[in-house]
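J.: Residue numbers (this note's numbering), protein chains in the order written: chain A, 1 to 113; chain B, 1001 to 1110.
Among these hints, one or two may not hold up.
[As the list claims (entries may be wrong)] Here are the computed distance ranges between Cβ atoms for each label pair:
hint, chain 1, residue 1, chain 2, residue 2, range
1, A, N27, B, G1063, 20 to 30 Å
2, A, N7, B, T1007, 19 to 29 Å
3, A, L95, B, K1009, 35 to 45 Å
4, A, I18, B, E1059, 46 to 56 Å
[Unchecked claim] If you want the footprint, here are the derived chain B segments under chain A, 3+ residues with CB under 8 Å:
hint, region
5, 1015-1027
6, 1048-1059
7, 1062-1072
8, 1076-1083
If you are wondering where the hints come from, they were derived from the structure by calculation, not from laboratory data.
Glycine residues also receive a C-beta, built at the ideal position from the N, C-alpha and C atoms.
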Amino acid sequence: DQQVKQNSPSLSVQEGRISILNCDYTNSMFDYFLWYKKYPAEGPTFLISISSIKDKNEDGRFTVFLNKSAKHLSLHIVPSQPGDSAVYFCAALPLDSNYQLIWGAGTKLIIKP
Amino acid sequence: NAGVTQTPKFRILKIGQSMTLQCTQDMNHNYMYWYRQDPGMGLKLIYYSVGAGITDKGEVPNGYNVSRSTTEDFPLRLELAAPSQTSVYFCASSFHNEQFFGPGTRLTVL
């Protein structure tokens, strides 16, 4: 039973254009959402997060949008750069969970020159 | 600050062998976690710890054991390795919501 779903295993985007990565969840008790970026042979690194009381959070080229009624969040990267090529994981934090994250399967983003 | 360090980076085990994956963090985080990542899948939580002397099972604890005698160290023990334990193992630590990860250990059981 996947509580956090990233339905696109991969996404290819032209350099300079917008990359949009999507994530759906089923548990309405999720309180906080995070995006992580992972390069091959490295551990995931934190990218950006959003609390369930907000609908948008921005950090430089990265913006996360949360639509609670649709149980959907998205990560926008503008403009996309070659160094953004990586696997992106969406993760969700339930209330009272001792910070145990629930992870999506990841989306591999490929930025084409 | 080294962050989260893991050793070894790679290991090949024979079925039935045992080993310990080491994890150390220097950020004074109370929370530490062990995950495994199988190909094409997200991270699955094996065990976690909320502080020295306290550990608890995650989603996939069978075949593993942990201990947390200090704030810094959180070793993961595999007893009687099985092919199903072939995976990449990540250790992480956190103070709050954001977890910081080590570089991973790639384990193959043959």
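J.: Hint by hint, say whether it matches the structure.
T.: We went through each hint and held it up to the structure:
Distance hint for A/N27 and B/G1063: a CB-CB separation of about 27 Å, consistent with the stated range 20 to 30 Å. Taking 19 to 29 Å as the suggested C-beta distance range, the pair A/N7 and B/T1007 does not conform, at roughly 36 Å. One distance hint, 35 to 45 Å for the beta-carbon pair A/L95 and B/K1009, holds here, with the actual separation near 36 Å. Checking the proposed 46 to 56 Å range against A/I18 and B/E1059 shows it is violated: the Cβ atoms sit about 34 Å from each other.
Restraint check on the region 1015-1027 of chain B versus chain A: 0 residues with Cβ-Cβ distances below 8 Å, three needed, restraint violated. Counting residues of the region 1048-1059 of chain B whose beta carbon lies closer than 8 Å to any beta carbon of chain A gives 4, which reaches the threshold of three, so the coverage claim holds. Beta-carbon proximity to chain A at under 8 Å applies to 0 residues in the region 1062-1072 of chain B; the threshold of 3 is not reached and the given coverage is violated. Closer than 8 Å: that is the beta-carbon criterion, and the region 1076-1083 of chain B has 0 residues meeting it against chain A, so the requirement of 3 is violated.
Checked against the numbered hints listed earlier, the structure breaks hints 2, 4, 5, 7, 8; every other hint is satisfied.
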